[in-house]
Amino acid sequence: MENKTSILNLTEDEFVHPGNRACAGCGLGIVYRTALKALGKNTILVVPPSCLTVLQGLYPIAAAKLPCLNVTFASTGAAATGVRAAMRSLKKNDVNVVAFAGDGGTGDIGIQALSGACERGDDILYICYDNEAYMNTGVQRSGTTPQGVVTTTTPITGKLQSKKDVPSIVAAHKIPYLATASAAYPLDLYDKVKKAASIKGPRYIHVHTPCPPGWGFEPRYTIKVGKLAVETGLFALYEMENSQLRLTGPSKKMLGKPRLPVTDYFKSQHRFYSLGNDLINDLQAQVDHAWDAYVIHQ
Amino acid sequence: MDDNVRFLQGNDVCVQAALYAGLEFFAGYPITPSTEIAENLAYHLPRQGGKFIQMEDEIASMCAIIGASLTGRKVMTATSGPGFSLMQESLGFAIMAEIPCVIVNVQRGGPSTGLPTGPSQGDVLQARWGTHGDHAIIVLTASNHQDVFRMTVDAFNLAETYRTPVILLLDEVIGHMREKVILPEKGAIPVVDRLRTSVKAGIDYHPYLPREDGRLPMSDFGGEHRYHVTGLFHDMWGFPTTNPKIVHGLLRHLNDKIKNNISDINRMKEYFIDDARTILISYGSSARSALHVVHNRRARGERIGLLELQTLWPFPYTQVAEKCEKARQIVVVEMNMGQVLLQVKRAVSRPERVMLANRIDGVFITPTDIRNILRLIHGKGV
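If you read the sequences in order, they're chains E and C.
Going by our numbering, the first residue of the first sequence is number 1, and it counts up by one from there.
Going by our numbering, the first residue of the second sequence is number 1, and it counts up by one from there.
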């Protein structure tokens, strides 16, 4: 990214009221605040039922200062399409129409609406905050829950299947802009949202969002856990423009250098307690393989 | 015996009862206030050799139990309002293809996302008419945990007996409330198993040819017989048809198999009905408050009784009319805008006797609420 935002030139405008109903240490609080800063006030939000609905709160403890359409679970992409079409009819093409959904609302129940919007080329920005399970209903597994994670619906062995690679599914639609980001790197996220807002067509940002109660770590370690995911290589930060993948920020600096072992990340959270050594070795091999591919691509 | 006494949430009781009834397959999607059913089954079902799958949404959940049921398994899913809405199309498929399954709807405030943690009984008519087309359906409900157990087992039994989806309509209060329950010994409640065909492999099997008693013996899909299952109108082999005679016959069959067996399907409880001048009619959690009022007023010498419905659909019109014949007032206690009220008005003679005591603000209806409404009805002021 050419012009990196620093903490010194970050805008002071806030579009989230201080004090909301999110849990202590919630990664989404960071993601939401940062993304709205980057989007500015000329923005309409489309949000399905999710932790974000809880964060936004019940009146009068409402967090957002922007107009928000809180739609049904399976329809985020479709509702955003409708809002965008209406804005175009009203000749208000400068409005950002932003869908803000969790991993379930994006990759499981919501994937049909998202895929439809991407395929139609609708001019929307879709931000998925991925906390890797259904946290709002009390930690049930989702498609993006990593392999081996214990949730209330994978209580004995942990999840058997590997994490659904939602960004790759969206990338298959060949949309103009796609990025991954992390709540632990808010400035990187800020720049990516800013860039996405300046591009026309369907855009997608997938944000890794640590969840203290759901993942089983102390609220003060949200940033640390988020950074570990990036530093171990489990979650890579990248941008994709015209189907060209480019590592960004901290992930770019890690190219060709030794990474932290994935066990550092697994040990930082309770949800990985039932991981066996075979699976850990397997996951490490998967990460190594993915990074070998990144080296070739860059 | 002491081992059988538990202090459980209604959702947990539903799980225990489903396992008692022989549940083998559950597919679901988490939604408040039914999530505990899925969570508990994720823990218990695999340990008993069953299969638990969390699906990607409620449409998938409903379709998965349809598929599993066809292969001969006893199946269930659990959801709440928004998820129940998503299931409606496949529910119609299960009715048309005559596939036994149990759908638990732990009702919350609606419409739409509504009140995820607030009680309501607003899905009574949706349970009846949510899916399109002329059809019949069985809907059970319960007001306490002992009844939740019984009704859950009965739901499986009725589903297997009539080869139809059965909806268990609980509500948020029942689902989340904890109370004492005595888990019945094995065999204390009859469990109906799947009626399987005696037709041998290689002999022409008619999956949709009813026996004389109206029941259809099933053959486990993928087993000895090959046959066709469709949501289109179909003949006795299961193949699609537009033959008016067959279409007419099938639609009559789908409705008659339930309508003609109301006496077998109907479950209701009555308290002090015989000499009651005022009869309360209620079901689900609001029947708890109604019962409290009845006991309270009886102690003061008032001639008041309660008719608690446990089968909501097919609605027991005849039975309700008989019980209410002598009453001066009939007060329907429910947490909606009068969905059962409409049925009671249709059922009884002199429908002007029927009045509504409801609460629709997402707060549980209390005995005080009912008492105040009764005072108004009796012209005493609040």
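These are computed hints drawn from the structure, not numbers from a lab.
There's no promise every hint is true.
[Stated by the list, open to error] Here are a few chain C residues that face chain E, going by a calculated C-beta distance under 7 angstroms:
1) 30
2) 35
3) 39
4) 42
5) 43
6) 113
No experiment lies behind these values; they were computed from the predicted model shown.
C-beta: ideal position from N, C-alpha, C; glycine also.
A quick look at each hint next to the structure:
1. 30: holds, 4 angstroms
2. 35: OK, holds: residue 35 (chain C) within 7 angstroms of chain E, min 5 angstroms.
3. 39: With Cβ-Cβ at 4 angstroms, under 7 angstroms, it holds.
4. 42: holds, 4 angstroms
5. 43: Because about 5 angstroms separates residue 43 (chain C) from the closest Cβ in chain E, which is inside the 7 angstroms limit, the hint holds.
6. 113: Holds: closest Cβ of chain E sits about 6 angstroms from residue 113 (chain C), inside 7 angstroms.
Checked against the numbered hints above, the structure breaks none of them.
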